[in-house]
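Each chain is listed here by its residues.
There are 2 protein chains.
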Amino acid sequence: MKKVTVYITLKQGVLDPQGKAIQESLNSLGYNEIQQARVGKTIELLVEEGVDIDTRVKEACEKLLANPVIEDYHFDVEEAVKS
Amino acid sequence: MKKVTVYITLKQGVLDPQGKAIQESLNSLGYNEIQQARVGKTIELLVEEGVDIDTRVKEACEKLLANPVIEDYHFDVEEAVKS
Chain A
1 MKKVTVYITL KQGVLDPQGK AIQESLNSLG YNEIQQARVG KTIELLVEEG
51 VDIDTRVKEA CEKLLANPVI EDYHFDVEEA VKS
Chain B
1 MKKVTVYITL KQGVLDPQGK AIQESLNSLG YNEIQQARVG KTIELLVEEG
51 VDIDTRVKEA CEKLLANPVI EDYHFDVEEA VKS
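Protein chains in written order, with this note's numbering: chain A, 1 to 83; chain B, 1 to 83.
There could be a bad hint or two in this list.
It does not matter which identical chain is used: a pair holds within one copy or between any two.
[Stated by the list, open to error] When the alpha-carbon atoms are kept at most 27 Å apart in a straight line, the in silico BS3-like pairs for lysine-lysine are as follows: (1) 41 / 3; (2) 3 / 63; (3) 2 / 63; (4) 20 / 58; (5) 3 / 20; (6) 41 / 58; (7) 41 / 63; (8) 58 / 2; (9) 2 / 20.
Hints were generated in silico from the structure; no laboratory data involved.
Predicted model only: the values in this text are computed from it and were never measured.
Using the sequences plus the hints, can you model the full thing?
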């Protein structure tokens with residue numbers, strides 16, 4: 001079993017109102033050193049072995065997980081730790 | 001200027017209905033090798049230098065960015081790249 005972590009971020013230049021709200025909240029709490037905040041997401045997948053993980057995950061990102069028009073993504077593959 | 005990336009994930013054992021929905025969507029698209037999906041978020045902060053970044057960001061995470069009851073977080077600090 002592999003653990004794939006997909007990191008999805010908004011492309012540069014795309015407005016991020018949620019990030020702006022976080023930045024303003026931080027500033028109003030006194031964290032004035034914070035100049036910008038941008039929000040992204042991560043999706044951790046547990047994937048069975050035996051498939052070409054790189055190709056399949058890339059395809060899944062393009063089709064479902066990310067919006068390639070406004071988002072960038074990349075992913076890491078590692079051995080899943082038994083829990 | 002430093003770039004701090006905060007990674008926030010749900011603690012193990014906390015239900016993740018959004019992740020479940022993603023997993024089921026992936027399975028119904030034919031990605032049957034995906035056994036589990038869990039969603040987290042990232043927050044990229046641009047922070048002015050001159051403060052104790054580790055302490056300040058940890059405090060901001062506990063107060064605003066993460067919910068320490070159900071979420072784990074960690075963060076990386078790196079040099080911000082001029083864009």
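Outcome of the hint check:
Within a single copy, residue 41 and residue 3 get their C-alpha atoms as close as 16 Å, and across copies as close as 17 Å, so both meet the 27 Å cut-off. When the C-alpha separation of residue 3 and residue 63 is checked against a cutoff of 27 Å, the pair qualifies only within one copy, where the shortest distance is 20 Å, while the shortest distance between copies is 30 Å. In this homomeric assembly, residue 2 and residue 63 come within 27 Å of each other (Cα to Cα) only inside a single copy, at 21 Å, whereas the closest approach across copies is 34 Å. When the C-alpha separation of residue 20 and residue 58 is checked against a cutoff of 27 Å, the pair qualifies only between copies, where the shortest distance is 20 Å, while the shortest distance within a copy is 30 Å.
Taking identical chains as interchangeable, the C-alpha atoms of residue 3 and residue 20 lie at most 27 Å apart only when they sit on different chains, with a minimum of 16 Å there against 32 Å within one chain. Taking identical chains as interchangeable, the C-alpha atoms of residue 41 and residue 58 lie at most 27 Å apart whether they share a chain (16 Å) or sit on different chains (19 Å). In this assembly of identical chains, the alpha carbons of residue 41 and residue 63 lie at most 27 Å apart whether taken from the same copy (16 Å) or from different copies (20 Å). Taking the shortest Cα distances, residue 58 and residue 2 sit within 27 Å of each other inside one copy (15 Å), while across copies they are farther apart (30 Å).
For the homomeric pair residue 2 and residue 20, the shortest alpha-carbon distance between copies (18 Å) is at most 27 Å, but the shortest distance inside one copy (35 Å) is not.
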